[in-house]
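J.: Chains as they are written, first to last, in the working numbering: chain A, 3 to 384; chain B, 3 to 384.
Since the hints were made in silico from the structure, they are not lab data. Heads up, a few of these hints could be off.
The list treats identical chains as one, so a pair stands whether inside a single copy or across any two.
[Said to hold, decoys possible] Keeping only pairs whose Cα atoms sit at most 25 Å apart, straight-line, the calculated DMTMM-like set for lysine to aspartate or glutamate is: (1) K301 to E337; (2) K235 to E248; (3) K301 to D128; (4) K235 to E168; (5) K301 to E137; (6) K297 to E168; (7) K166 to E271; (8) K115 to E271.
This one's a predicted model, so the numbers in the text were calculated from it and none came from an experiment.
Listed below are the residues making up each chain.
Protein chains: 2
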Amino acid sequence: MSKVTTPYFSFTPAPAPPSGAARAGGFYTSHGEVLTPAFMPVGTQGTVKGITPVQLREVGPQVILGNTYHLGLRPGDSLVARLGGLHRFMGWDGPILTDSGGFQVFSLASLRKMTEDGVTFQSHVDGSPQFLSPERSLEIQRNLGSDICMALDECPPGRMERAKLEASMARTTRWLARSRAVPLQPHQGLFAINQGGTHLDLRRRHLAEAMDMDAKTPFQGFAVGGLSVGEPKDEMNGVLAEFVKELPADRPRYLMGVGTPEDLLFGIEQGVDLFDCVLPSREARHGRILTSRGKLNLKNARHRETDLPLDPDCGCYTCRTFSRAYLHHLFRCGELLGFTLNTIHNLSYTVGLTRDARQALLENRFPEFAQTARARWQTEEP
Amino acid sequence: MSKVTTPYFSFTPAPAPPSGAARAGGFYTSHGEVLTPAFMPVGTQGTVKGITPVQLREVGPQVILGNTYHLGLRPGDSLVARLGGLHRFMGWDGPILTDSGGFQVFSLASLRKMTEDGVTFQSHVDGSPQFLSPERSLEIQRNLGSDICMALDECPPGRMERAKLEASMARTTRWLARSRAVPLQPHQGLFAINQGGTHLDLRRRHLAEAMDMDAKTPFQGFAVGGLSVGEPKDEMNGVLAEFVKELPADRPRYLMGVGTPEDLLFGIEQGVDLFDCVLPSREARHGRILTSRGKLNLKNARHRETDLPLDPDCGCYTCRTFSRAYLHHLFRCGELLGFTLNTIHNLSYTVGLTRDARQALLENRFPEFAQTARARWQTEEP
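Let the sequences and hints guide you as you build the complete structure.
T.: Here it is, written out as structure tokens:
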């Protein structure tokens, strides 16, 4: 195994009093420190949809996410490498995490065929035959030059029969061992992904297998995958409440594909450090706005004449500059600027929620912070 | 007549040696000085499509254009007035010129019916019956609170029979007299529009009628309308070469709906001060890029791997930050950010062309400047 632990990735808890399992902390990458808890905006195709890197910098994420599946297909990872890597290509000099591409292969591609070696599938872009394996996934991520790479896992659907799920997890474990053998760039770290659906015993077994490998050469972080994929919310939360605290405390913990403001708060309470989700930016493009007083539908005629910002408690560019009446107008007209301004707000709100949670943890007032946030979502009118 | 001349609008030529009819100058508005020659980006529905006011400020226009027809229909001019006017509504504190709405009524609306009083038409948004008259056009513009208002004119098509055109112009003259009687806000100025197609004698007669009114109370500027509407380019240029210099030298001269970089340069040479056109921003959204070396089609596969900016001689955000390869990728993926970045460049290039022309005029090297620009467009490969 050529992969070595770099000093970059060791998780350092902030000097704050404990608040249950919730924790503030951070780790270094060669593109900067990542202060946690942190929400990662999703930059699927080499862009967080509709906003420039300057605007993204003001939104203030600690790290953003790039998609291995999408970028590998288009423009192609070797082209991105020739052009200096993903950071330079997209003009973002902060930390980047790339996913493994597995989730997209299982949700977007057609004519999938799984073997022990990997997955053959048809590109959703041009129908061309493609192949993804643990080795190919990490080759793409090495070419993209992201700071954090994810090992390829099989992504089972939310409600898979237990025996099938066990077989899928066994394969993911074998793929994890193969992933560790792939040489990365010196600045890159590798995170392992834990599967097991809502079966706590399966998740524990899967983690034990990863920890066996970790004892020889450590992973730089651990992710919880296979949640928020259609299972009931209380089942997901039950797993998180029991399981997150069992992940190694000295490594970043990443809950994949989550989520709503409520989900972020719950995850932080269970000890999660990193989140990603398309929800804030996708909702923004549909005029659904996240605020400290709950959700706001910009399409609603009651905002037509309202000379208030989307969220009077928000300091983002959109809220500093424009009224709901203006944003309602842009949305009704289908103006591109509306997508941009709504995205700036929704991402600012979501990134800000994790930043505020961190500050509350540092100041030993996190339970009150969480209680107040929930009460406002539930009782106030945006 | 309640309209009085404000000191804001008197055109002041810059202290530069003459270069034929071409002139550098400027005039004041209550939202800032307008240094000319100047190209006005078009903000049809209260937004220059796809870019924020911060990005627009960096593009650097002296003045932008808002659409009376569009904003009067949606969100409605009285709503904009209640929200503090168009500047505040759209977050732009620089000068704004509003058109009269006539051009859109004649190009977008259906079921038009013209009378001496005005035009009844069906809204292209919701089919509702609407009415536009000289008085209503200026009421909308007063409510929007733009700095420069345009008098409503009939917009005849490019190739109208002479007798019909004369009748139309006579009506436009009567409408101009009515327009002057409409009270505006104290900071607002009124420009008269000259029609006459490609008939020089008709344009002269029409101007003489306006100058009769001007002798009593001056207009704040004069526009040349009814060109670039389908007539051959050499006919348009012929009219400009003879006619622009006959417009009063002490007032801004505005050539409406023009145009391409070549058209701007020709217009400046004839003594035009202001231009507007959707071309640079519309072309940007179609991946057609204006550069100092001529037009570049971003769709073209030859840009797929090119690690060069759109225009190596351009200092805009897009050119400072991104490669053609990245912009080609965004365009192929249909990513919103591509529209934004291309728009920033095309507008920066066009606004920059008029700014550079002004600088060349101030430095007594305008003929060389124009010659070099044309030679590069024609002979170099972007």
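J.: Next, verify each hint and record whether it holds.
T.: Checked hints:
no., hint, verdict
1, K301 to E337, "both (13 Å within a copy, 23 Å between copies)"
2, K235 to E248, "within (20 Å within a copy, 75 Å between copies)"
3, K301 to D128, "between (35 Å within a copy, 16 Å between copies)"
4, K235 to E168, "within (22 Å within a copy, 73 Å between copies)"
5, K301 to E137, "neither (46 Å within a copy, 33 Å between copies)"
6, K297 to E168, "neither (39 Å within a copy, 58 Å between copies)"
7, K166 to E271, "neither (31 Å within a copy, 77 Å between copies)"
8, K115 to E271, "neither (39 Å within a copy, 66 Å between copies)"
Hints 5, 6, 7, 8 from the earlier list are contradicted by this structure; the remaining hints agree with it.
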